[in-house]
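Can you build the whole structure from these sequences, using the hints too?
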Amino acid sequence: MRTLIAMIKKEVLQLKADKFYLRFLLIAPFLQLIVLGFSLTTETTNVPTLICDLDKSAVSREFVRSVGTNERFDIVGTVESYTALDEGIQRWQASVGVYIPPGFSKRLSRDAAAEIQVLLDAVDGNKALTAFGYLQQIAAREGIRLIDLTLQPNGGGTRMIYHYLFNPELKNAAFMVPGIVVTIITIITLLVGAMSLVREKETGTLEQLMVTPINRGQIILGKMIPFLVYSFIEVAIILKVAQWIFHLELAGSLATLYLGILLYLFSTLGLGLLISSVAGTQQQALFLAWFFMVFMILLSGFFIPIENMPLWLQKITLLNPLRFMMTVVREIYLKATPIWLLTDQLLPLGALGFAIFGTAVATFRKKSG
Amino acid sequence: MGLYGIIIKEFKHIIRDYRTLLILFILPMLMMVLFGYAMTLEIPDIRISVDDHDNSPASRHLISGFQGSNFFTVRPARGLSGRELFQRREAHALLTIPADFTATGTVDLQIDASDSSRALIIRQYIGAVVSRSGGNTGVPAPVTAVPAFLYNRELESAFFFVPGLTALIIIMVTALLTSLTITREKEQGTFDLIKLSPVHAYEVIIGKVVPYLILSFLIGILVILFGVLLFGVPIRGSISALLLYLILYCLTGLSFGILISTVATSQQTAMLISLIATLLPTLFLSGFIFQIEAMPALLRAASAIMPAKYFLIIIRGLMLKGNTQGEILFPILMLVGFSTLFLLIAIRRFKHYLDH
Amino acid sequence: MISVQGLSRRFGTFTAVDNISFDVAAGEVFGFLGANGAGKTTAIRMMCGLLSPSDGDVLIDGISVSAKPEEVKRRIGYMSQKFSLYGDLTPEQNIEFFGAVYSVPLKRIKAEKRRVRTELGDEASTAAAERLPLGFKQRLGLTCALLHQPPIVFLDEPTSGVDPLGRREFWEDIYDLSSAGGTVLVTTHFMDEAEYCHRIAIMSQGRLIDLDTPEAIKTKYDSDTLNNAFIQAVVRDRAPEAEGV
Chain A
1 MRTLIAMIKK
11 EVLQLKADKF
21 YLRFLLIAPF
31 LQLIVLGFSL
41 TTETTNVPTL
51 ICDLDKSAVS
61 REFVRSVGTN
71 ERFDIVGTVE
81 SYTALDEGIQ
91 RWQASVGVYI
101 PPGFSKRLSR
111 DAAAEIQVLL
121 DAVDGNKALT
131 AFGYLQQIAA
141 REGIRLIDLT
151 LQPNGGGTRM
161 IYHYLFNPEL
171 KNAAFMVPGI
181 VVTIITIITL
191 LVGAMSLVRE
201 KETGTLEQLM
211 VTPINRGQII
221 LGKMIPFLVY
231 SFIEVAIILK
241 VAQWIFHLEL
251 AGSLATLYLG
261 ILLYLFSTLG
271 LGLLISSVAG
281 TQQQALFLAW
291 FFMVFMILLS
301 GFFIPIENMP
311 LWLQKITLLN
321 PLRFMMTVVR
331 EIYLKATPIW
341 LLTDQLLPLG
351 ALGFAIFGTA
361 VATFRKKSG
Chain B
1 MGLYGIIIKE
11 FKHIIRDYRT
21 LLILFILPML
31 MMVLFGYAMT
41 LEIPDIRISV
51 DDHDNSPASR
61 HLISGFQGSN
71 FFTVRPARGL
81 SGRELFQRRE
91 AHALLTIPAD
101 FTATGTVDLQ
111 IDASDSSRAL
121 IIRQYIGAVV
131 SRSGGNTGVP
141 APVTAVPAFL
151 YNRELESAFF
161 FVPGLTALII
171 IMVTALLTSL
181 TITREKEQGT
191 FDLIKLSPVH
201 AYEVIIGKVV
211 PYLILSFLIG
221 ILVILFGVLL
231 FGVPIRGSIS
241 ALLLYLILYC
251 LTGLSFGILI
261 STVATSQQTA
271 MLISLIATLL
281 PTLFLSGFIF
291 QIEAMPALLR
301 AASAIMPAKY
311 FLIIIRGLML
321 KGNTQGEILF
331 PILMLVGFST
341 LFLLIAIRRF
351 KHYLDH
Chain C
1 MISVQGLSRR
11 FGTFTAVDNI
21 SFDVAAGEVF
31 GFLGANGAGK
41 TTAIRMMCGL
51 LSPSDGDVLI
61 DGISVSAKPE
71 EVKRRIGYMS
81 QKFSLYGDLT
91 PEQNIEFFGA
101 VYSVPLKRIK
111 AEKRRVRTEL
121 GDEASTAAAE
131 RLPLGFKQRL
141 GLTCALLHQP
151 PIVFLDEPTS
161 GVDPLGRREF
171 WEDIYDLSSA
181 GGTVLVTTHF
191 MDEAEYCHRI
201 AIMSQGRLID
211 LDTPEAIKTK
221 YDSDTLNNAF
231 IQAVVRDRAP
241 EAEGV
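Just so you know, the protein sequences line up as chains A, B and C, in that order. Numbering of the first sequence is given in the working numbering, commencing with residue 1 and proceeding in unit increments. Numbering of the second sequence is given in the working numbering, commencing with residue 1 and proceeding in unit increments. Numbering of the third sequence is given in the working numbering, commencing with residue 1 and proceeding in unit increments.
Rather than coming from a laboratory, the hints here were simulated on the basis of the structure. Using N, Cα and C, we set each Cβ at its ideal position, and we do this for glycine too. Some hints could be false.
What the hints assert, rightly or not - Anything over 10 Å on all C-beta distances counts as not near chain A; from chain B, calculated:
no., residue
1, P57
2, K186
3, I194
4, L222
5, N323
Unchecked claim - Computed spacing ranges between beta-carbons, pair by pair:
no., chain 1, residue 1, chain 2, residue 2, range
6, A, K367, B, R16, 16 to 26 Å
7, A, E249, C, R74, 48 to 58 Å
8, B, A128, A, Q243, 30 to 40 Å
9, C, R10, A, R216, 21 to 31 Å
10, C, T15, B, I8, 32 to 42 Å
11, B, F25, C, Q232, 52 to 62 Å
12, A, A355, C, D163, 47 to 57 Å
13, C, Q232, B, D17, 38 to 48 Å
14, B, L22, C, R10, 21 to 31 Å
15, C, S160, A, N215, 23 to 33 Å
16, A, E249, B, P98, 51 to 61 Å
17, A, N215, C, E130, 21 to 31 Å
18, C, A111, A, I245, 27 to 37 Å
19, B, D192, C, E123, 21 to 31 Å
Following this line, the structure appears as structure tokens:
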């Protein structure tokens, strides 16, 4: 016990000795939270748009006005020809070009139907599609307004009353913040964890350590416990900060969240330990850890929903502890999902943690003579 | 030792560390494959539960609209509330058709908005089905927008991510590599030898940069080639211009790495700074995945100083839009500017370090 | 105290240590010599429990290193050639750490810290151990190896890089240890130091080629310095059989 405490104390002292590192571990999570929380918007707003209105009627001008006042679009200029629209997009001046052909208003009043053309820079297909979606909506809405149709109560269409559950304001941050929390923990525990043991190998202190009566369990625990504590504190702080900045609150149980994190940390710290045992130099450990980290994050459902992936890839994600952790944290954060409805996530999380950590310990044992 | 000697020595170091080399080439490949097959742009499957209290031909007609569509999977509601369904992750939306539907024509929809962007899209899709099936007038929207998707008519996701991944991978790898190699020499003390020899600071830097420049350039070409051959991404502009700016971008990343190495005291620190300063900002603030225009002013300003942002415009322009260099002059100038700036500062700081 | 029995270690097809056997008595200062690459370090690492033997065993105070390594580790102290304490921590913090790991009573830890502080001065003892001059680093290494007052100490080239004065002080410490009953196994390349040992063993190409008192070895190779004797021994071992003794 005394040895374990000494080991933990040493790890903490070493951390304190490296001033930069210390500052990084404390500040980085917040920086990331702020940057990511605000930048991670999958929404499309302020899309630079060029207008080419060859109809120049009251109706077309009204339409242009409704596009302009919509926060999704930012009208950067008007041109006088279709080719000019095309060029404008070519030259990166705008991502969307709206073309209202001459005779638009006449056709609208005569046939109760008319077309506008939309040029979209599909270099970013996602952005193009979303922008188009919004324009369609505006077109439909404004079109109805423009020819002054009245909707019949049940004949002209069905009314749909909709409610957004758990996130009524559709705050993007609500979706991203939980993900950021877990991603930050992953990055730090995996990267720093992987370097920790290799560093001792490289500097020769591991040998000195192995000559003492300390056993491997104490070494491993001694290295893990500071990270565990750090992660728990970080999570608590980030949640608080997210509350201030984004006005988001943890809806569910903090205890369940911590349980999930604990199980998850066995995976990340275990993986770090494994990498540390097989890597020869710090650089190798770093690259290996980075490799795993990138894939864990990409296949976690953070950027790309898992349901969007092909089936074979979805099966692969079942080996990724972050995938389960991501679901757990999101469910608890936003939907207050209770623990008994999360067993299908927590059990695999635990199993993976057990397997990875076990392998890591066995490898360390084998590699250290 | 001479400049040539330094370069050769550095090359030998790189080749000897085959594990790192392996990762450097495999990682981008795997990322490409992943993005290529994983990223799709449509929502393939919306799970919708329907609670029908009306049970009339009209309500059944409405429900059939979902059953017949590829986008939806209809699940029974099992008497659970929306909240309960969503917590069990059994459905994304719950549609409740009240008993008086035939009279009022009103339905109630609850959507799991924990994924806010999806929620919007789910509402649009469901709304489309509802309005299509409801009423027999089938009034088409009076004003229809006809889209023309330029440069990427099929909306191939590969067109989107191949340039982006190139930008991301290159700057990550270059900054990491040079910052690590110099801090490692610092840690091991081998710089003392160099300090004593008549070698100039700039010779040392060029000696380190050249091998890594070649290495990162190869990786960049590999990524682009992969995209072109495997996913059919075109190169509509000048290939030589593309290669030239790829080299320039690599140079920017390498200089940045050298800059980092002059402030980092250990390899660990170098690694961390490289990562914070490259991976995350590039991923989020370069315009690769998330729209810069939608961000608050402060972040937009930060984005303006990212070399990756300008390179992204250049590579997208040259590959997808077939831009002439004149049309993307501004980003080119910015990239040249950053490159020179980083290189000069790096050399100056390094010289300072070597001289004392 | 130390009983090496048929110890061997192979790495693939290469035999680093080839069936060596010898005994070291309690209180003895035992010199372990050999050219670079002769297998000394591998042998020592096996004796300390850092490496498992391919064949044979080592008994430390009657306890088998292969069977009960943890128990053996409590009874030995080890100082490696390259500084292997925590360079980013202060000397005092290093002492506290190793003291705790060896279950050293607090009183002794305090006393040792005080001693080091007086020797190094306040400034040095609270700075990172990395920054200490080499001689001080070695002394710190020795301090930490002896914290738990082990009956056996392994010293791997403890004085390399230290000035003659420092070396002499070091060997005075070693003699103090030995007179108090401690067993010291030391490797060195300084032949004048080897003369201070009670007995020396010479390893070459993985085998033990000589084991006797320094005087006896000098006589055997007909040299007045141990330096020459050593060189002769190794050269002869490496030469073909024709050159028998």
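Here is what the structure says about each hint:
At roughly 14 Å from the closest C-beta of chain A, the C-beta of P57 (chain B) stays outside 10 Å, upholding its exclusion from the interface. The beta carbon of K186 (chain B) is kept farther than 10 Å from every beta carbon of chain A, the shortest such distance being approximately 13 Å. Non-interface call for I194 (chain B) relative to chain A: holds, since the shortest CB-CB distance, roughly 20 Å, exceeds 10 Å. For L222 (chain B), the non-interface assignment is confirmed: its Cβ lies about 16 Å from the closest Cβ of chain A, beyond the 10 Å cut-off.
Separation of N323 (chain B) from chain A is inadequate, the least Cβ-Cβ distance of about 7 Å not exceeding the 10 Å criterion. As the Cβ distance of K367 (chain A) to R16 (chain B) is approximately 21 Å, the hint placing it in 16 to 26 Å holds. Checked against the given bound of 48 to 58 Å, the beta carbons of E249 (chain A) and R74 (chain C), roughly 54 Å apart, stay inside it. At roughly 37 Å, the beta carbons of A128 (chain B) and Q243 (chain A) sit within the given window of 30 to 40 Å.
Range check, R10 (chain C) to R216 (chain A): about 25 Å between beta-carbon atoms, so the 21 to 31 Å window is met. Checked against the hint of 32 to 42 Å, the C-beta distance between T15 (chain C) and I8 (chain B) comes to roughly 36 Å, which is consistent with it. At about 54 Å, the CB distance of F25 (chain B) to Q232 (chain C) agrees with the hint of 52 to 62 Å. Checked against the given bound of 47 to 57 Å, the beta carbons of A355 (chain A) and D163 (chain C), roughly 55 Å apart, stay inside it.
For Q232 (chain C) paired with D17 (chain B), a C-beta distance near 43 Å keeps the hint of 38 to 48 Å intact. For L22 (chain B) paired with R10 (chain C), a C-beta distance near 29 Å keeps the hint of 21 to 31 Å intact. At roughly 31 Å, the beta-carbon separation of S160 (chain C) and N215 (chain A) lies within the given 23 to 33 Å, and the hint holds. Range check, E249 (chain A) to P98 (chain B): about 32 Å between beta-carbon atoms, so the 51 to 61 Å window is missed.
Separated by about 28 Å at the C-beta atoms, N215 (chain A) and E130 (chain C) satisfy the suggested range of 21 to 31 Å. In this structure, A111 (chain C) and I245 (chain A) break the distance hint of 27 to 37 Å, their C-beta atoms being roughly 53 Å apart. Under the hint 21 to 31 Å, the C-beta atoms of D192 (chain B) and E123 (chain C), about 24 Å apart, fit the expected range.
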